[in-house]
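Student: Chains as they are written, first to last, in the working numbering: chain W, 1069 to 1353; chain H, 8 to 241.
Derived by calculation from the structure, the hints in this document are not laboratory data. We put the beta carbon where it would ideally sit given N, CA and C, even for glycine. Hints may be right or wrong, so weigh each one.
Claimed, not checked - Label-pair restraints from in silico Cβ distances:
no., chain 1, residue 1, chain 2, residue 2, range
1, W, A1342, H, A44, 35 to 43 Å
2, W, A1239, H, G72, 38 to 46 Å
3, H, G114, W, L1258, 22 to 30 Å
4, W, W1078, H, E144, 20 to 28 Å
5, H, A164, W, L1322, 27 to 35 Å
Said to hold, decoys possible - Selected chain W positions facing chain H (Cβ under 7 Å, derived; list incomplete):
no., residue
6, L1273
7, L1314
8, G1316
Claimed, not checked - Looking from chain H toward chain W, a few residues come up when the C-beta cut is under 10 Å (computed):
no., residue
9, T15
10, G19
11, L22
12, R77
13, L82
14, L83
15, V89
16, L97
17, L108
18, R162
19, R213
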Amino acid sequence: MHLYFWREAWRSFRAHRGLAVTSVLSLAALLTLSGIFLLLDHNARQALAAIGDRREMIVYLKDEVSDTQLALLMDKIRQYFGEPTYMDRKQAWEELQEQIGDPDLLSGVEDNPLPASIHVRLKPELLNYAAMEQAAKQVQEFPEVEDVRYGAEYVRRLDEFSAGMATAAWAAGAMAALAIVLVLYNTLRLTVVARRQQVEIMLRLGASDRFIATPYLMEALMHTTLAAGVALGLIFALQQALASRLSGLTFLPLPWALGFVGAAIAVAWVASAAALTRILRAIGS
Amino acid sequence: MIAFEHVTKRYGERLALDDVTWRMEEGECAVVLGHSAAGKTTLLRLITHETQPTSGVITVGTFRGGRLSRSHRALLRRTIGVIYEDFRLLADRTVFENVALALHISGQHTDADVVPKVLRALQEVGLEPHRDLLPAELSFGERQRCAIARAIVNRPALILADEPTGALEPKSAAEVLSLLLRIHHEGAALLLGTTRTEVANVIGGRRYLLEDGRLREGGPGSMPVSVAQGAGGL
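Please take these sequences and the hints and turn them into a complete structure.
Tutor: As structure tokens, this is what we get:
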């Protein structure tokens, strides 16, 4: 029985070669566009993850903090917020001198005005604006703490950019899904209408809608799988072409690529099944 | 097997069947005679649920009355073998594939089962040597025999034939009728609709006349003749 369906799907594919090629190319174009957004999203995520890893919170301490208080504070920070690194006033001054480079610029400063600080490499779950803001407020509550800085505006923009990229990828995916539905609906309608007489004969012989629809469904999945393969090939070629100019631009990881093909096939499956139900009911009983 | 209870069918203002009450039992043979557009095809289409009665109840086997769902209509049709005047073969399939289609549709046979069953049906109608030909490469008589093979391959208990010799020259018509009779004698019920008294004479069985939407038992030329004798006038 399964052999019959495959044979029929292949027969229809061959019989409507022009329509099949048009359908595959249309789907490939749509999938390539959405795949490019996916590639951008993937690379943006990678870049953001790299930047995010470098996000840290700086906790400035009051001058009168004792060693015991410092040790307790470090323990609490380690427990709840991330990995702390202590920088005393002398180290902070040396770092400032190193950053400025010209000792004459600091010659007028008599006493070291810089406070001691703790640089906190935050836990992964705190690497977003809302969590960092909350963490900063909590750390600020400790009596040993003078001030907390974490680059709020920078972190907020980074998060907004990240969310924007994800939204764009989803929007592109949704538009591609909608377009896939339209392309497949029209392809299937044309294919089935071209074989209307055969469909009517099969209905008279007692064929169920499922029996009639299965080869067409398989054909639509063949189109989509081919189109997804072509799209992945084009996206790979694009990535290779741009990789020399945009260092760090990587191709989709295998799970993403498989997910891309799987999602395209799933959308095609649902769209084709819905379209065929509608088309066969329109043909009649 | 088939029961019509006060069945009326209208197409707009036109009355095709008028309060028809009629029964056909298992293994029976019946011929419905009537002029063109008398309602013979409507009667057959009502049995296969291709159309619905305006009023009345139709029972076919275990399927009784009302508007059947699409899946139940499909199930019903799989239990009946139907032969049409214009053959209704799939033009891009070989003789073998056309016959095999009915087996695939039934969903009860593996791919391995299909081949011997199709070959047996083709042998019964004498088309085994033409198994790889397309319908367009066959004569009309051979096409009808292919349609008969398709109708009988599932061994249905009921064969409906709608003017099966309408498009055939006398010799082919005689062969087709002979074939139908043989299938009936092997146990299948046969209901045949025709405009030709000679066909009814060859088939024999119960005879009905469909006129002005009314179905009456009996009819003109009720004396059965042999297939050989009738061949010339078909």
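Student: Classify the hint on L22/H as holds or violated, based on whether any CB of chain W lies nearer than 10 Å to its CB.
Tutor: At about 22 Å, which exceeds the 10 Å cut-off, the nearest Cβ of chain W leaves the hint on L22/H violated.
Student: Is the hint on G19/H kept, meaning its closest Cβ partner in chain W is under 10 Å away?
Tutor: violated, 18 Å
Student: Under 10 Å, Cβ to Cβ, is where L108/H needs to be relative to chain W, so tell me if that hint holds or is violated.
Tutor: holds, 7 Å
Student: Between A1342/W and A44/H, is the Cβ distance one that fits in 35 to 43 Å?
Tutor: Holds: the Cβ-Cβ distance is about 40 Å, inside 35 to 43 Å.
Student: Less than 7 Å between beta-carbons is the criterion; does L1314/W satisfy it with respect to chain H?
Tutor: violated, 52 Å
Student: Given a cut of 10 Å on the nearest C-beta pair, is the interface hint for R77/H held or broken against chain W?
Tutor: holds, 6 Å
Student: Using 10 Å as the Cβ threshold, decide whether T15/H counts as touching chain W.
Tutor: violated, 20 Å
Student: Kindly confirm whether 38 to 46 Å is satisfied by the beta carbon distance between A1239/W and G72/H.
Tutor: violated, 53 Å
Student: Falls inside 22 to 30 Å, the C-beta gap from G114/H to L1258/W?
Tutor: holds, 28 Å
Student: Is 20 to 28 Å respected by the C-beta to C-beta distance linking W1078/W and E144/H?
Tutor: holds, 23 Å
Student: Let me know if the C-beta of R162/H comes in closer than 10 Å to any C-beta of chain W, holds or violated.
Tutor: It is violated, given that the least Cβ distance between R162/H and chain W is near 14 Å, above 10 Å.
Student: Mind checking the CB of L83/H against every CB in chain W and telling me if the closest is under 10 Å?
Tutor: holds, 7 Å
Checked against the numbered hints above, the structure violates hints 2, 5, 7, 8, 9, 10, 11, 18, 19; every other hint is satisfied.
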